[in-house]
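A.B. asks: Heads up: the sequence lines are chains A and B, in that order. Each residue of the first sequence is one higher than the one before, counting from 258 in this note's numbering. Each residue of the second sequence is one higher than the one before, counting from 258 in this note's numbering.
Source of the hints: derived by calculation from the structure; they are not laboratory data. Be aware that one or more of the hints could be misleading.
[Claimed, not checked] No farther apart than 20 Å at their CA atoms in a straight line, the calculated lysine to any residue pairs in the SDA-like style are these:
no., chain 1, residue 1, chain 2, residue 2
1, A, 326, B, 305
2, A, 330, B, 269
3, B, 269, B, 305
4, B, 326, A, 273
5, A, 273, B, 305
6, A, 276, A, 326
[To be verified] Chain B regions said to be covered by chain A (calculated; three or more residues, Cβ under 8 Å):
no., region
7, 270 to 281
8, 317 to 330
C-beta atoms are modelled at their ideal positions from N, C-alpha and C, and glycine is treated no differently.
There are 2 protein chains.
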Amino acid sequence: MFCIAVYDINEKRVAKVLKLFRQYLHWIQNSVFEGHLSPGQIDDLIDKALEIIDPEEDSIIIYIMETDKYLEKLNFGIDKSRLTSNFID
Amino acid sequence: MFCIAVYDINEKRVAKVLKLFRQYLHWIQNSVFEGHLSPGQIDDLIDKALEIIDPEEDSIIIYIMETDKYLEKLNFGIDKSRLTSNFID
Chain A
258 MFCIAVYDIN EKRVAKVLKL FRQYLHWIQN SVFEGHLSPG QIDDLIDKAL
308 EIIDPEEDSI IIYIMETDKY LEKLNFGIDK SRLTSNFID
Chain B
258 MFCIAVYDIN EKRVAKVLKL FRQYLHWIQN SVFEGHLSPG QIDDLIDKAL
308 EIIDPEEDSI IIYIMETDKY LEKLNFGIDK SRLTSNFID
């Protein structure tokens, strides 16, 4: 499955959630990730995320599609995932 | 076409870009928008965005698919688009 994940997490917890998401997906920009995961990996990611977030303050949205074959991706401006990937690690 | 748009914009320009994106799409979370646009509307949005952003500092990514019929969307935590839509307007 191809996934696009976005989150808006309180700064107290965001480093933990960033670390978790980077174990499963590619960091693309700001709080945006993408990648291919199996249904089991998606469940794992969600289970682990729910252990970290505060559901009254934080938000995670995961868009899932069978394939990225019919998905067009347009990029404008700088590629933040390249520029800051070392910094973020 | 169904679009998911994400941006990472310097704070000097982000209010302008937010205003523009809200004219075309629904604000979902943080810097994430979605909605149905025609190819012409997508071109308009991109043209107007490119007039505002600094391509050496800012980043916009637009994912485009023919339909959202095969897209699953999972939400966890609070729905930020409801909570803060009045505040953002």
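A.B. asks: If a hint holds in the structure, say so; if it does not, say that too.
C.D. replies: Against the structure, the hints:
1. Annotation: proposed proximity of residue 326 of chain A to residue 305 of chain B is violated, straight-line Cα distance about 28 Å (limit 20 Å).
2. As the CA atoms of residue 330 of chain A and residue 269 of chain B are separated by approximately 26 Å, the hinted pair breaks the 20 Å bound.
3. For the hint linking residue 269 of chain B to residue 305 of chain B, the alpha-carbon distance of about 17 Å falls within 20 Å, and the restraint holds.
4. Restraint check for residue 326 of chain B and residue 273 of chain A: not satisfied, since their Cα atoms lie roughly 33 Å apart, outside the 20 Å limit.
5. Of the supplied pair hints, the one linking residue 273 of chain A and residue 305 of chain B is violated, its CA atoms being roughly 36 Å apart against a limit of 20 Å.
6. The straight-line distance between the Cα atoms of residue 276 of chain A and residue 326 of chain A is roughly 28 Å, outside the 20 Å bound, and the hint therefore fails.
7. Note: the region 270 to 281 of chain B has 0 residues with beta-carbon separation from chain A under 8 Å; the three-residue rule is not met and the coverage is violated.
8. A count of 11 residues in the region 317 to 330 of chain B with a Cβ less than 8 Å from any Cβ of chain A is obtained; the coverage claim is therefore met, three being the minimum.
Hints 1, 2, 4, 5, 6 and 7 from the list above are not met by this structure, while the remaining hints are.
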